[in-house]
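Knowing the structure of chain A, use the given hints to seat chain B on it.
Chains as they are written, first to last, in my numbering: chain A, 155 to 267; chain B, 496 to 609.
Read the hints as simulated data drawn from the structure, not as lab findings. Among the hints, a few may not be true.
[As the list claims (entries may be wrong)] Restricting the straight-line Cα-Cα distance to at most 30 Å, the calculated cross-link-like pairs of lysine-lysine (DSBU-like) are:
| id | chain 1 | residue 1 | chain 2 | residue 2 |
| --- | --- | --- | --- | --- |
| 1 | B | K536 | B | K562 |
| 2 | B | K539 | A | K211 |
| 3 | A | K224 | B | K535 |
| 4 | B | K531 | A | K224 |
| 5 | B | K566 | B | K547 |
| 6 | A | K210 | B | K539 |
| 7 | B | K517 | B | K547 |
| 8 | A | K224 | B | K536 |
| 9 | B | K517 | B | K566 |
| 10 | B | K536 | B | K514 |
| 11 | B | K517 | B | K539 |
| 12 | B | K531 | B | K547 |
| 13 | B | K539 | B | K504 |
| 14 | B | K562 | B | K535 |
| 15 | B | K539 | A | K224 |
| 16 | B | K514 | B | K535 |
| 17 | B | K547 | B | K514 |
| 18 | B | K535 | B | K517 |
| 19 | B | K536 | B | K566 |
| 20 | B | K535 | A | K210 |
| 21 | B | K536 | B | K504 |
| 22 | B | K562 | B | K539 |
| 23 | B | K535 | B | K504 |
| 24 | B | K531 | B | K504 |
| 25 | B | K536 | A | K211 |
| 26 | A | K213 | B | K536 |
| 27 | B | K562 | B | K517 |
| 28 | A | K210 | A | K224 |
| 29 | A | K210 | B | K536 |
| 30 | B | K504 | B | K517 |
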Amino acid sequence: TQLLEQSPQFLSIQEGENLTVYCNSSSVFSSLQWYRQEPGEGPVLLVTVVTGGEVKKLKRLTFQFGDARKDSSLHITAAQPGDTGLYLCAGPNRGSTLGRLYFGRGTQLTVWP
Amino acid sequence: DTAVSQTPKYLVTQMGNDKSIKCEQNLGHDTMYWYKQDSKKFLKIMFSYNNKELIINETVPNRFSPKSPDKAHLNLHINSLELGDSAVYFCASSQVQGRTSGYTFGSGTRLTVV
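One chain only, chain A, in its complex shape (with noise of 0.2 Å):
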C-alpha cells in the first residue's frame, strides 16, 4: 500500500503549456515536501508545506498544501524544457519514526521545445 499517491504517473507537455500534479493520501501529514529528480542526479529539495491551506510559489511553480493537510498540489506555469524532471512528493507520517519520510512514485515530466 503507497502512502502517498501521486497522478498523473507520466506528463509529456510542450513548451508554453501549464500543468498540474498531485499528491493525495488518506493519512495526515504534519508537512509535505516536493522534490525534483533529474537524471543521473538525486532528488533536490524544491519546497516544504506546513500550513493546511498553504500556498506557496517558487518563480513558474506553485505548490499548494490541502487544508486537510491530506493533499498536495503541483502547478507549473509556460513549463519549460528545464522543467523536465521525475517530481516527487514526501512527507513525514503521524508516529513515523524520527525523520522518516515516505515518497511518492512521482511524475515524470517532459517538457518538449
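Structure of chain B alone, referenced to chain A:
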C-alpha cells in the same frame, strides 16, 4: 563544495562479490539515510542513523550492513551481491533536532550486478 558526496558513482560487479559505498556530508546534519531507487524510480528507505545511532532498519537482507563511524559519514557494505541488488542507492542527510530541514541527497551510486 559538495554537500552530500557518495562514492563510487558507478559500480559494476559480479554476483557473490562484496562491495562498499561511502557517503559523507558536510552540512552538520544529525541524521543520515540510505535509500534504494528501483527501476521504476520508487525510493525506498533502507537505513537511518541519528548521531551515529541506528534508528531505522527496514526489511533489508542481512547482507546489507550500514556503518556510521561519525555523524558525518554513513557507509553501506553489501555482502554476497545478487542480481536483484542492482539499483541506484542514494545517501541523504537531514537535520531532525531543532530547526528541521528537508533531505539533501547525494548524486547516487548505480550498482549493476552481473
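Hints and how they fare:
1. A distance of roughly 25 Å separates the Cα atoms of K536(B) and K562(B); the hinted pair therefore holds under the 30 Å criterion.
2. Of the supplied pair hints, the one linking K539(B) and K211(A) holds, its CA atoms being roughly 28 Å apart against a limit of 30 Å.
3. Restraint check for K224(A) and K535(B): satisfied, since their Cα atoms lie roughly 24 Å apart, inside the 30 Å limit.
4. Distance restraint check for K531(B) and K224(A): the Cα-Cα separation of roughly 25 Å lies within the 30 Å cut-off, and the hinted pair is therefore satisfied.
5. Proposed proximity of K566(B) and K547(B) is supported: the alpha carbons are some 5 Å apart, at most 30 Å.
6. Taking the CA atoms of K210(A) and K539(B), the gap is near 27 Å; set against the 30 Å cutoff, the hint holds.
7. Between K517(B) and K547(B) the alpha-carbon distance is near 15 Å, which keeps this suggested pair within the 30 Å criterion.
8. With a CA separation close to 23 Å, the supplied pair K224(A) and K536(B) stays within the 30 Å bound.
9. Restraint check for K517(B) and K566(B): satisfied, since their Cα atoms lie roughly 13 Å apart, inside the 30 Å limit.
10. Taken as a hint, the K536(B) and K514(B) pair is honoured in the structure, with Cα atoms around 23 Å apart against an allowance of 30 Å.
11. For a cut-off of 30 Å, the pair hint linking K517(B) to K539(B) stands: about 18 Å separates their Cα positions.
12. In summary, the hint linking K531(B) to K547(B) is supported, as the alpha carbons are separated by about 20 Å, within the 30 Å threshold.
13. The suggested pairing of K539(B) with K504(B) holds, with an alpha-carbon distance near 19 Å, which does not exceed 30 Å.
14. A C-alpha spacing of about 27 Å is found between K562(B) and K535(B), which places the hinted pair at or below 30 Å, so the restraint holds.
15. For a cut-off of 30 Å, the pair hint linking K539(B) to K224(A) stands: about 21 Å separates their Cα positions.
16. Annotation: proposed proximity of K514(B) to K535(B) holds, straight-line Cα distance about 24 Å (limit 30 Å).
17. At most 30 Å may separate the alpha-carbon atoms for a hinted pair to count; K547(B) and K514(B) meet this at roughly 21 Å.
18. Restraint check for K535(B) and K517(B): the C-alpha separation of about 24 Å stays at or below 30 Å, so the hint holds.
19. Only pairs whose Cα atoms come within 30 Å are accepted, and K536(B) paired with K566(B) is accepted, the gap being roughly 28 Å.
20. For the hint linking K535(B) to K210(A), the alpha-carbon distance of about 29 Å falls within 30 Å, and the restraint holds.
21. This hinted pair checks out: K536(B) and K504(B) have alpha carbons roughly 17 Å apart, not beyond 30 Å.
22. Between the alpha carbons of K562(B) and K539(B) the distance comes to roughly 19 Å, so the proposed pair stays at or under 30 Å and holds.
23. Between the alpha carbons of K535(B) and K504(B) the distance comes to roughly 19 Å, so the proposed pair stays at or under 30 Å and holds.
24. Of the pairs offered as hints, the one joining K531(B) and K504(B) holds, with about 14 Å between alpha carbons and a cut-off of 30 Å not exceeded.
25. Pair hint K536(B) plus K211(A) holds up; C-alpha atoms about 26 Å apart against a cutoff of 30 Å.
26. Between K213(A) and K536(B), the direct Cα distance comes to roughly 26 Å. Compliance with the 30 Å bound is thereby established for this hinted pair.
27. With a C-alpha separation of about 10 Å, the suggested pairing of K562(B) with K517(B) holds against the 30 Å cut-off.
28. Straight-line distance between C-alpha atoms of K210(A) and K224(A) comes to about 17 Å, which keeps the hinted pair within the 30 Å bound.
29. Of the supplied pair hints, the one linking K210(A) and K536(B) holds, its CA atoms being roughly 26 Å apart against a limit of 30 Å.
30. Annotation: proposed proximity of K504(B) to K517(B) holds, straight-line Cα distance about 10 Å (limit 30 Å).
Comparing the model with each earlier hint shows no violations; every hint is respected.
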